[in-house]
Structures are given as structure tokens and as C-alpha cells.
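Peer 1: Residue numbers (the numbering used here), protein chains in the order written: chain A, 1 to 91; chain B, 1 to 203; chain C, 1 to 983; chain D, 1 to 417.
Just so you know, these hints were derived from the structure itself, not from any lab. Bear in mind that the values here come from a model prediction, so they are computed numbers and not experimental data. Among the hints, erroneous ones may be present.
[Said to hold, decoys possible] Below, a list of computed lysine-lysine pairs in the PhoX-like style, where the Cα atoms sit at most 25 Å apart:
| id | chain 1 | residue 1 | chain 2 | residue 2 |
| --- | --- | --- | --- | --- |
| 1 | D | K98 | C | K144 |
| 2 | D | K267 | C | K144 |
| 3 | D | K30 | D | K53 |
| 4 | C | K506 | D | K12 |
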Amino acid sequence: MHLITCPWCGPRDEAEFAYRGDATVARPAADAGIDAFYDYVYTRANPRGWHTEWWHHAAGCHQFVKVVRHTLTHAIAATGKPTDTLPVPAE
Amino acid sequence: MSAPESRPAPEPRSPLAGHLKPGRHGAAGSRPLVLREVPATIVELAARRGRAAELAAAVRGALALDLPPPGRGAAAAGATALWIQPDTWLVVAPRGTEGALAAHLKGVAGAAGSVVDQSHGKTLLHLAGADARAALGKGCRIDLDPAAFGPGRAAVTQMAQVGCVLYQHDDVPSFSLIVPSSYAIPFFDWLCHSAAEFGYEVP
Amino acid sequence: MTRMHRRPAMRARTGGHIDRDTTLTFRFDGRELTGHPGDTLASALLAHGVRIVGRSFKYHRPRGIYTAGPEEPNALAGIGTGARRTPNTKMTAAELYQGMVAESQNRWPSLRFDALAVNSALARFLPAGFYYKTFMWPASFWEKVYEPAIRRAAGLGRAATEPDPDHYEAAHAHCDVLVVGAGAAGLAAARAAGESGARVILAEQDFLLGGGLLADPVHEGWRREMTAALEALGNVVRMPRTTVFGYYEQNMLGAIERVADHLPEPPPHTARQRYWTIRAREVVLATGADERLIAFPGNDRPGVMLAGAARAYANRFGVLAGRRAVLFTNNDAAYATVEALAAAGADRVTVVDTRPLGPAAAAARTRGVEVLPGHEVVGAHGGRGLYSVEARARGGDGGFQIDADLLCVSGGYNPAIHLASQSRTPLAWDSGIAAFVPGTAAGQRSAGAARGRFGIAAAARDGMEAGGAAAAAAGFARRPAFELPAGGADPDLTVAPFWEVTARGKSFVDLQHDVTTADIRLAHREGYEHIEHAKRYTTHGMATDQGKTGGLVGAAVLAEARGLPVEAVGMPTFRPYVTPITWGAVAGHHIRREFAPIRRTQLHDWHVRRGAEFLEAGLWLRPAFYPRPGEAPWDAILREGAAVRRSVGICDVSTLGKIDLQGADAAFFLDRLYMNTFSTLAVGRARYGLMLREDGMVFDDGTTTRLADDHFFITTTTANAGRVMEHMEFHAQTVWPELDVQFTSVTDQWAAMSVAGPNARRTLAKVVAGLDLDNAAFPFMGVADATLAGCPVRVFRISFSGELAFEVATPAGYAAIVWEAILEAGREFAIEPYGVEALGLLRIEKGHVAGAELNGQTTAADVGLERMAKKKGDFVGKALAGRPGLTDPARPRLVGVRAVAPDQQIRPGAHLLEAGSDRSLGWLASVTKSVEPGGWIGLALLSGGAARHGQRLQASFPLHGESVEVEICSPHFVDPENARVRA
Amino acid sequence: MTRYSAFGLLTKAFGGHAGWGRAWRDPAPKASYDVVIIGGGGHGLASAYYLAKEHGITNVAVLEKGPIGLGNTGRNTTIVRSNYLLPENNHFYEWSLKLWEGLEQDINYNVMMSQRGVLNLFHSDAQKAAAARRGNAMRLIGVDAELLDREQVRAMVPLLDFDNARFPVMGGLLQPRGGTARHDAVAWGFARAADARGVDIIQHCEVTGIRREGDRVVGVETTRGFIGAGKVGMAVAGNTSRVAAMAGLRLPIESHVLQAFVTEGLKPLVDTVVTFGAGHFYISQSDKGGLVFGGDLDGYNSYAQRGTLQMVEHVFAAGVAMMPCLSRLRVLRQWGGVMDMTMDGSPLICRTPVEGLYLNGGWCYGGFKATPGSGWCFAHTIANDAPHRLNAAMTIERFRDGRLMDERGTGPWPWAQ
Ligand SMILES: Cc1cc2nc3c(=O)[nH]c(=O)nc-3n(C[C@H](O)[C@H](O)[C@H](O)COP(=O)(O)OP(=O)(O)OC[C@H]3O[C@@H](n4cnc5c(N)ncnc54)[C@H](O)[C@@H]3O)c2cc1C
Ligand SMILES: NC(=O)c1ccc[n+]([C@@H]2O[C@H](COP(=O)([O-])OP(=O)(O)OC[C@H]3O[C@@H](n4cnc5c(N)ncnc54)[C@H](O)[C@@H]3O)[C@@H](O)[C@H]2O)c1
Ligand SMILES: Cc1cc2nc3c(=O)[nH]c(=O)nc-3n(C[C@H](O)[C@H](O)[C@H](O)COP(=O)(O)O)c2cc1C
Ligand SMILES: [Zn+2]
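Here chain A stands alone, though its shape is the one from the complex (with noise of 0.2 Å):
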């Protein structure tokens, strides 16, 4: 059960968030084209190792939470807010 900082409510477990992928990709700019949009939504860095990514804080303030979560330990380095940067540690 991870245990996930939302900036907003503080420590809480993953049972009131809900997964919601990778935050390293941006929605293209509307004209950007097909092949933009196709990297947006399907392909991904997929790492093994440090992972920014969206949990949704579905169950508590709602907020989109971003955090830098290792893909083999589970562990979390960092949470933040969706406009922050997030520092990701080196392997």
C-alpha cells in the first residue's frame, strides 16, 4: 500500500488515489498532428527506475498529485502539485 504525500491532505494511502499514468507527456499543441497526438496518448519511456507520473486523489481532494515513484522499489522521492517541477533522483 503506497503511502502518497498529496501536497493538499498530507500523507494518505494509495487506497484513495487512482493511478492515472505517465506525467512526462504533454497534449500537443492543437495543429501539432497526428503523430504528436499518437506519442501523447500511446508511447511511453515505460522506465524501470524513476517515474513521474499522475495519481489522482480520487478519494480525497481531487487533485491531480504528481509524483516521482521508482518502478522496482515502489519507493517515492518526491510529490508535488501538477504545475511543479519535480526533482527525479538518480539511479
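Based on these hints, arrange chains B, C and D with the ligands on the given structure of chain A.
Peer 2: Showing chains B, C and D with the ligands alone in chain A's frame:
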């Protein structure tokens, strides 16, 4: 076409109507928990983008209520405000005239806030007693120990699969629990089940 | 309960942690026996001299009690009767209670005479993995003959098939320091942490606190003092009967508390077991050590037991496990068993020590104990009990018999590293004790025997330091230390590894699964030499004890075969659960009807009173239809539908998702989220909207109303309400965080009812106040506030049925009043409440798509709504909707379907075929018997779409062997010009 | 290779089973091979076997970073079925099931294929319609399927909760030919059979790089040195993204953890594979007696072969909700596996933009049943440098082109697939 009616709206029905069984339930014990439903007006108040300070000032001026920071509630004479989301609060007051609090807040907030009446969408329960923490702990995953929580603290969380706004009033301890009305029955049932070990009373 | 009973033969007169003043009676395989509070089932059986308690998994060999704890491989029973019978329960951990009924397992017809014991004779044909090599011919025999036979022979206990009468619950705890295990180390750790002011939880699987101390009369005083001190500390929660089963992310540990397993049945309002999650800042693992077996021929005989267990039975339970005992050991610690047995009244103990004469052996000799240094046990003989032990000088041949009824074995001790390993703490090999020991990790440390500090004094000191350090790490200053145990020096606990006596016969490394050293060697020969392969090939360590007593021994045998040191071979992965956990305990409250909460609308009770049949819509219960007495479902549905088409009906649509959206950028935001435009919508008007996923598929639909320039009221489908909210939150918070929008779910705030039919206006006009419902004043897609029966309402002129219709929304607490008032007003028009089935009927007739068509696999064009797309401006899904696969003209498109013979039923899920072909061209998504066109109709997705209107195809339903001729038509069966809704 | 048979077992028994040799050799890697398969799971081993058997290509190595068969092949819940909706999947899995049906005789290893039936319960009209659509699609292409009503389900699995359930059982879609097979035996059996045809199975040999000359692959870097290869096939399940990245590919794949559980051994209790649609739960009983069960993905990217308590709670509750008598049983062990989840939930067996490099992956939580079919099609694709009709749609390009194989219409959210 008939003219708009001016008589006050009738008494709203509680989603727990017919479901609350007054009396003593569960195990016999010397310090039963007390569990009841509290009729309330509940209004959601959100600041427009970038106007939280303005909104807070307006509310302070009109209601003598300080909109609390995350994780907290603030009580004033007529109402309690609970933080539920960034720049968003529930304002909870005793049940009054239909729509009156929302209308008042709309006036107070002006263009600085968005106001949504949730009085019918949310059900307010009250649980008090020495074993209240243990009863809630059967579903609540946040730490309610005095070292971590306490009077004045509020949390938006989930218990028994139901989203719940929790507010601690005092050291009894007594808690307010606000749940979506459509979930009121299963939530109430779970709470009764959890409290049964300690014994509880529905006034 | 206090009837006088004769003292069982093997029960000592005094000593131990049992209450001899109270007698408990219980049954084992039908035999009535007695014990005392403080006994386990195992100790009570041993007190009566019971030897065989079970049969092994594969060879059905007779087995006796082997340990005194949850690591037991042999002594499993079904405990309880009827729906409370629990199979595979370890007798060595089952606390005795009055009236306990226990039954041995895996034997037929009885424990003493087991027909499948013939397997033992056939053992040479049943080596590890034999089933992979045979049973392949003839091919059809596997399911019919071989597999059923194997399945019946395998398995252990029998499950009860009735529902469990007990209940379970969850509990969530938090602490600064969690101490797992309440032996010397755990008690000291908990006290040290507690005295420092930290919030401490001390979890102990046993029903008494003390661990190894309970078998150690010398330190009883200290144990009592420690437990009393802990009790006095308000910030320490002691949790006996609580097994910590797993170590999860960020110091969350799972535990099961056996609240009422020591009682015949749980008292009222009490859970049988409680599932705990414990989130700890710091964890101290003081889980002790498990004694390990030595592999030698016959090491599974009833009467063979671990040395520590024999000692525990003597000292803790006052039970002598045998009168003429042999101790087979490779270490000094096990000598404590000699004293314990002697004190409990054993006639004789002979020590077979694998080592040359050492101080412990010499000391024993001075006390008159016969010691055979440099010897080993090569056999244990007997039938259903043990008669003699065969020993020899190490490595020599021949041997001699020692008359014995008890053989105590100690091959050393393995720190209980299960939890530490789960937490991914690195393990290291400690050659001093020939075992793996855990390191430390952030927020976690091991203490005492759990990291190889085996002696009581050493363990206590280690625990005290660990507890203090954990509290300090959690931010609590350390306090002065308390007294550590005095007296009884710790024995020398270094161990020279000794795994196996090689001699002819079956030497077991996994008693429960009947895995022998020969099996391990066979696995190695066949190339299954990696420890994980050997485990799987032989099933070593896969039984309910997960190899706690023999796991490392098996690894050592494999290591020897491979010519590698044990530490290079390692152990298979440690996984939860430390000991098996009760399924129902973790399920807790959320079973039966409470599996998921039921959402009810405010009209639910009305629907119940009206006799509605309900159906599930997500978590909601919705009325499907309201049958009259004796009325068949379709008759009711058609009656309700007809009422709407011909006069007026009313339907509870409160479950639709509703979102209140405000903010300066609200309109712009909607334009981005929906395929169509909302910024052009006038205040007081509603518009149908279609939302795509970013991949271009249809996501959701619904009407949205503009209440003010900066204020909208959005409706979503019932099924997608939560997902649409989240979709909006995602885009508002992460994609366009600069927008000024506030939105919140008001699904529960508003009840809503659809009033539909030619008489809808007439009905409502009677009760709606403050709003002119006239077509000119309140046209199609108009929205306005009004009052109804004194309640505030918001009236929407929208229609799903295709009839003149109004949706009346009211704050949910008024729903019943408003509903009843409308019914009353509609009485003169014979108004009918209609359910979801009639709602479906009406929308299918009208050709409105819903969940069955918007199933995540369809595009807007597929369902005929492509024209809604705005030409200018960005919206979610726009780009990828243009991909070739989504615009392929061959994609199935929405069509209507009607049975050529109108009475002929068609079914959703049927496929559309050309006559004589079995190639699917599409499928029937929604089907209904209809009111207006009459007969069976449906909506389908069909390759070719509108181009096929007028064609005849087969609606094929091979699952029912059915094929129905259908005609393809426009999906708009009713009022295609949309005149009625505007009337 | 010594043939396995009851007679062989009997005769070897009298020699104390000393006569059994290695099931597969332990060769040192050669400098180069015609084909190198990365990944010694069921799919990699089956691919090598069928390359040798069907295409006569025997100069093949399977490179496995650890011991073979301990990836998802060694940790899955062993369900074998072909009850798919979309024709592209349906034909493929049916072919795989046909191969299963003769597999034991083909590879001379008892993989304990047990066609005890796979039953998917439904609880509403909408679910019934979806089940019917799927079952009819199966029947139309000749796959067995039966639609059971509530009473037929009760006759088959009487221990379900029919009386007090939150989501009452309305019926079920049964595939009688579905069932289970012994996971470990599949890897070992294919390894032994491939080895017998000359394939080198090289364990403890991790691929760390893919060497290219221009657009063409020429071999792989490994922890045991460079190994040259005419063609390289990837069959590394949960690690697909990582290995593909060695060749510069970025895929529509995320790695997710799926957990599984087994109870203590019991006498026969559950005779069919049952899937509880409303509870995201499924169960079967192994021949050894353990009830093997699981639920949904944990739902976050993970390369850890373990999950968190969150899903455990849900799965346990669903189990008791479905079958109340499970409540008193004890669960012995839980573990996890790393799924390579594609964005439409369907697999990839295809060429890649790099010449000579082939991809087999994206098996999500359903690739065990695909093992023989996947190996067969992958071998065909590698041998002919072109897909077989059965896997022609299983390309990477389908995502770019919008020709998705999204069985349930879930959308591009791998955690929800
Ligand atoms: C809990 C669980 C339950 C499941 N249940 C079912 C089920 O009931 N039915 C079903 O059909 N499917 C099921 N699946 C899915 C199924 O297990 C997989 O799809 C299937 O086993 C994949 O086989 P594979 O051979 O492709 O992968 P694996 O067996 O994982 O083999 C891949 C191999 O590649 C190796 N490898 C990785 N990287 C490298 C490298 N760089 N160099 C060398 N080797 C490498 C790995 O070590 C591994 O051995 C389940 C999966 C899990 C985890
Ligand atoms: N015969 C010997 O001399 C010898 C050899 C090795 C160990 N020991 C014993 O080791 C002890 C050292 O003290 P210690 O405190 O380190 O060990 P301990 O064995 O006394 O205590 C460990 C405790 O942890 C509990 N436990 C283990 N796993 C648990 C879990 N998952 N959940 C809950 N409880 C769990 C056990 O029930 C036990 O009570 C001494 O008592 C000594 O008798 C003795
Ligand atoms: C179908 C199946 C049945 C299993 N049965 C058992 C069992 O009876 N006992 C056991 O200890 N483990 C059993 N396991 C789990 C394995 O021991 C192991 O945990 C799993 O294969 C994952 O490997 P790992 O734990 O080594 O990572 C079983 C696994 C599977 C896939
Ligand atoms: Zn939050």
C-alpha cells in the same frame, strides 16, 4: 400559468428516513457511542481563479468565519467551514430556509467565488464517545490519534468505500461525518456495524 | 467444564503456563479428551500420549507433532464443526477451548488405517515430478481418469461448503514504532521505545507474551516484570494473537488478530478475526528463530520432534513428549531440552551429538546424562510410534539401537527473516550460525534471535538497543535503560552446519509435501538445479509451512549436489504470508450485500412500495419496471412505454451524473471538452453534447444547460458520471491549469424525473408554478426555475423518449413530494411510472444511442453523430479521430433493425450475417419489443451502415441455435422529423 | 533425449532414478546463431521449438537472463481459453488452443492440460448482451461456447452465492474446452523439446544491448559477451519496453503488476475456472489442491514482482462475495508478475522498424494461453520475415493507424485494460 408560490418549501426528507432506529444497540457497555443524523445546510464555496484572498476577506467580513487552510475546519457562531479542495470549502450550518445560505454566500462572494448548494446531496452524521476513534478506524485509513489529529482538524477521505468529509469537534472525541446522500444508508450501516462492539445509542 | 478427570499420562504435576484448576474437554477424531487453559490442541494431545495426528500429503505416511508453533508441517487438523470447520489448522498454534472438535486429515477411512498409505509402498514410482513424465496416453484419459484421481489423492483438508457464520472486520492503525514479536528482544524493544515516548504497537502471534521465555523458567520473573511494565505504559499497545503476515510499501505491515479463535464461537458483536493494517514510522522485527531439522532416514516418524518443541512442551505446557528420549543435535543450545525433559520427569535422555566432546556435552555428562559425541542418527524405527533410534559413529557403518519413544532433533536455528526479506532488506550469510541474517533498511531493523542474537540476555540487550534506536529515528529521545535479564548465562550458540545423515532410506527435507533428499538430488540430475527450479520441481517449501523447518536443509542438499556453498545457492523468494491467513479476515465487512455499497435515489422507497423490479446500474439500484400483480415483464414494459407514447409517464432519472460548472472560462472549457460548441449556447437553453476520448472514440454524452454566462449545468450518463468528472479534473488541473473553472458533482443534490408523453405539458401545468410551459414561452431545449408543490424545481424541456417531455429536477430531499404531486396531477391522464426497461424501449424506438452503442469501440461517425463536430478550434479527441482506422468506411455504422416476422424475438449480442454466410457484418447492440412500430426492433452496428437500409440479413445467435430474418432500416423508428418533441 | 513414459518411469525406478539425465543441456553460447531469441519464458522457448520443428531452423539460441520459466510463465494463474470477441484475437487464440490440445504428445511432456471449462459469470442484461456478442462471435468461427442461465450455472458451480449477493449471478458464458495447464511444465517441456531439436538454451545470460549495423541487427550484447545473430526475436514479456529501447524503439506499452494468490491445499472444491465479472475476480483449483486466484492489475507502472495490499483487500472480498464458503480457508502465498500492457490490451507479434529484429510482446495478463500459438506464429514471422495470417493484425502500426484491437472498448489506459 400560475404565479410563483411564496410559501416556504416543505421539510426535506432525509435519505436515512425510516432507517435510523432510535435506542440502544450493540454490545452492552458502560460508555456507548452516540450516533445521530444532524439536519444541516451545506454549501460548497470555491474561489474563482486567483481570488481566494478576496473571497476569504468577504466571508470573514460577513460571517466572521475564517476560511481554513487544508486539513482544517473553522467554526464561527452560525457556521463551520471545512477545507475540502484547494480554494474550496464546505460551509455547514444548522438547517435553515431552503437555499438561504447559498443565496447569502452568493451575495457575499460576488465575483470572487462560486457557490453551490449541496444541502440535499450530503448527509451529516455525528459520532461521539470514547471509542469513536476505534469505531472509525475500522474503515478510516488516516491516523486519528490525538498525536496526529484533533479538534479542529478536517479531512476528506474514504471509509468503507464511501467518500467522507471528517471533522473533529472536541476531545470527547466527537466527529462530524459528511457523506453523499445516495450512500448514506450503506455508510450508516457500516458505522453501526463498527460501533456495535462498543455499544451505541441513536437518540 | 470442571468435572474431575484423571491426569493424562504425560502431564507433569506442576510447572508451565497452564491453568490446571480448570479442565477443558475436547474431541479428537471422535475421542473425548481433556486439557487446560493455556494448552494448544497439540500439547493437550501429547499429554494424552497421542502420537499420530495426521497423514502426509503424497505418501500418506503417519505423522506426529513436530513443533510447538505455527511453523508446524505435520499436525494439521480440521477444527470446528459444520460451517465453522476450518481445515488445515495447525494444532500447535490452536489454543484449546472447551468443546473443541478436531478431526485429522488426508486419511481414509481413518488415521490409523489409511488406504492411500499404499502410496508409501509405491514411493519409488512417484519421485519428484513423476506426473510430468507420464499420464500422457491416451490423450483423453488425463481429464477423465488420471487428473481426478490425482486431485482426490492430493490436497489436504476438506473445506466446509456452507457460508461462514462468523464476521470479520478491518482495522487501521498507525504508530511510531511497531515491534513484531514479543520474545525477550521484542519485549525489550517495545519497552525501550515506549519509555522514550513513542507510540508503540507490539504484535505477537502467540496468545502469551514471552516467545522463548515461556519455555524458560529461569527468566520467568523478568518476563513478568516486562509485561507488567508494558501494561503500565499508556503509549504501548500490546496485541497478542496477532500475526504480522506481510511487509508492504512504505512500512505498511499487514496483520491478522485472532480475536475469537480461542473461543467456541465469537461472542455477540465480536469479529472472529480482525485484519490490521499497521503503518509504522519505524519497525523492529523481533521475530525470533526457527529451529531446523536434520535429514536422516525416518526423520518423519511420529515421535520425532524438534528439540525446542520438546522443551516448550515440557516447560511451557507441563507435558512430557516422551519418557525415553534421544536428543540429536549439532549445537549447545539444544542441551536445554535435556534439562527440561529431565525436570518434567523423563526416565532417560541420551544425547547424540554430531560434534566432538564439547563443554556442553561434558557438563551434561557430569549431570549423569549419556552423551554420544561424534555420533549421528541413521534411523528412527517404529510403526505408529517410535520404538528405537538407530545411531552410529559419524560416517561409520553399522549402528546400534537406542530404545526411545521420543527423538528430539536440532540442526541449529534460522533467524525468522521472512518479514525482513519481504521488505527487501539485504540478507547476509552468517557462517557462525550457518544461517541467513537480515541487514537493516530505512525505517527498519531486526533484533534478537531474528538476527542471530540467540541467547536471552543477548537478545534482550539487542532488543533494547533496537527499540531505543527506532524511537530515536522516529524523533523520540532515548531514556535510561531498564534491567536486563539476570542469571542463566547464554550458551555458546555458534553452529557447525550439519544438514544430513547420508544413509539408506527416506530422509525428508519437507515433511508436509514428502520431499526427500533423493528428490532434491533427482531435480539436480535433471537440470532443475537452480533453487527456484528445484523448489518447483520437487514442491520443496511449497506446503503450508513454507519450508520453515526444512527449507534451508533442502537448499544445503542441493548446494552439496551442485558443489557450491549454501549461501551461493540461496533460498527461494520469501513472500507473504508469513503464516497463511484467513481469507474472510481480509475480506472483512465487504462481502455479501456489502461487497459494494448500494446507491439509492431518494425515490427508492417509493419504487419499492410500488413493487418495482430493480436492476443494477453501476452501484445504483434503478427500477427496471413496475409489474402489476400477475403481469409478465414484457407486458409491464410495453404498458409503461405505451403510456408515454399515448399519454404520459414519469421516470426517476436521478442517477444521471450532474456537474455544476462555473467560472469565467467555463464556456471555453466546455468547447475544449466536447466535440460540439457550447460557447454559443444562450442562457436558459440546453444542448446535447458529445465528448470524445483523446484517442478519438466516443466517451460520453448528455445535455448541458447554460444557467448564466459563467455557469453551466452538465449531465452525464449514469455509468460515466465519475469518469467524466475525473476527465474534467485532469484537463482543468494539468492540461489547461490557467483556466478559471470551478466544478463539482451535484448528482446527489438533485433528484430528477422525466415527465414524458403527449400529456406531459398538461400534467405539469397543473402543478408547476412560476413558469409558463407553453411551447412559445418554453420551447424545446428551454430551461427555467419554478416551484412545484411548494418545492423549488428546475424544469428542462428535453426528451430522450422522442415525446414531448420535461425533466423536472428538484433538491433531492423534495423528490418524493414533487413525484407524488406530478402523479396526482397526471392521474386524470392515467400517468404511469416507467422504469429503465421502458426508457430503453423508448430511446431505441427513437434511435437515441446509449451505453450499448457508446461502448468505447465506436466513433461519432459510427453512431451517426459526426455532424456534431465543430469545424474550428481544438477539442479532446479531434486529432486522433482522424486516423485511417477510425474513418474507414467499412467500419460498422448505426442502423435500425426490425424482425421481418414482428413476433419473432431478436436478441442483443446477435451477429448480422448475409443468408448462407457465417461472416459477421455487425452486431445487435440494443433490442426491444416495441410499442409504436410494433414487434421486435433494435439498434445495430453494421458494416455498410445506411447503404444497407432495406436489405434483409440474418440476426444470428448460434448460442441458442437461432437465426432470425431482419430488415435493416433507419434507426429512427419514431417521429424521425422530431415534431413531437417540439410540439 | 530419453522419452518419457510410464514404462520409462517404472524401469528407472528400479535404478533409484539415477538414470534420468538433464531435461535440457547447459551449453556455452556459440559465437553466433541464425536466430537468437531473447527471453526464456514460454513464448521464447516455444518460438525456438517451432523454428526448429516447423521451419527446420535449428541453429537457434534462447537467451535467458535468469533460469528459464520464472518470468510470467512461472507465476501465472494458468488459464487457457480462446473466448475472444474480435476476429483477429479469436482466430489466433483458437489456433493456440488447438496446439494445446495436442501439446503433450507433441513435446512428450505432461503439461497437465486440463480442459475443465472456463465460465464467465454475468450479472446484468448489459453484461449478458456483451457475453452473447462474444459467444456468438466464437461460435461463428467454430469455437465452442455456451450461454448458461442461472440454473445451469448453479448446477455447475453450486457454491456460488445465489441468495445473498450484491451482484446476483444471472448466467454465464462457458467455454467447455477452456481450462488450465501446469505453468512450470510448459516452460520445461518446451525447453526439453527445443533442446532435443538442437536449440541452445542459455540461462543466466542477460541481453544488455542490441548491436546494429545500419538498419540491420547483427547480434546482441550479453552478460556473457557478444553473440552474433542473423535475426533476433524479443520475447521478454514485462521487459519488452526495456529491451526494445536497446534498439531505439519506444512502444505503446507500460509495465504493470498483476498479483496472484494460492490457498493451502484442499480436497477438490472448485472444478471449473470461474470468473466473477462483477468483482474482477477469478479462481481455479490446481491439481495439488491449492485454490489459485487473482483479480485486476494493481494499476500502476511497476517492474516489481509484487503488489500492494490495496488490490489484495479487493480480491479477497470479491472471492468471498462470489463464493461465501471461501471465507474460512487460509491463503498461503501471494506474488506478482510484470505485465507488458499494451494500450488496447491485445498483443504484438510483428517485425519492427529495425531489420532482422522481431517483436513478441504485449501479452498483458493473458499470454499464457497464447504460448504455443505465439511461438508458432512468431517462428513463422521470423522464418518468413512476414507474419502469418493469424498474427497479421498484431502490429505496432495499428496504434498509429487507429486499427485497435480493444476487446472491451477500454481505451488507451493500460492500467484499465
Ligand atoms: C499473476 C499473473 C496471472 C496471469 N494469469 C494468466 C492466465 O490465467 N492465463 C493466461 O493466459 N495468461 C496469464 N498471465 C499472463 C502470462 O503469464 C504471460 O502473458 C505469459 O506467461 C508471457 O510469457 P512470456 O514467455 O512472454 O514471458 P515470461 O515468461 O515472462 O518470459 C520472459 C522472459 O524474458 C526474460 N528476459 C527479460 N529481459 C531479458 C533480457 N534482457 N535478457 C534475457 N532475458 C530476458 C525474463 O527473465 C523472462 O524469463 C498471467 C500473468 C500473471 C503475472
Ligand atoms: N534453544 C536456544 O537456546 C535458542 C536458540 C535460538 C533462539 N532461542 C530463543 O531466542 C530467543 C531470543 O529472543 P527473541 O525475542 O529474539 O526471540 P523469541 O523467539 O523469544 O521471540 C520471537 C517472538 O516473535 C513472535 N513472532 C514471530 N514472527 C511473528 C510474526 N510474523 N507476527 C507476530 N509475532 C511473531 C514469536 O511468536 C515469538 O514469540 C530466546 O527466548 C531464546 O529462547 C533460543
Ligand atoms: C498455479 C500456481 C500454483 C501455485 N501453488 C503454490 C503452492 O501450492 N505453494 C506455494 O508455496 N506456492 C505456490 N505457487 C507460488 C509460487 O511458489 C511462487 O510464489 C510463484 O510462482 C511466483 O514466484 P516467486 O514467488 O518465486 O517470485 C503457485 C504458483 C502458481 C502460478
Ligand atoms: Zn489530496
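Peer 1: The structure should be examined with respect to each hint, and the outcome stated for every one.
Peer 2: Verification of the hints:
1. D/K98 to C/K144: Answer holds: D/K98 to C/K144 is near 19 Å, not above 25 Å.
2. D/K267 to C/K144: 17 Å, holds
3. D/K30 to D/K53: Status holds; Cα separation ~21 Å.
4. C/K506 to D/K12: Roughly 18 Å between the alpha carbons, so the hint for C/K506 and D/K12 holds.
Violated hints for the displayed structure: none, as all numbered hints are satisfied.
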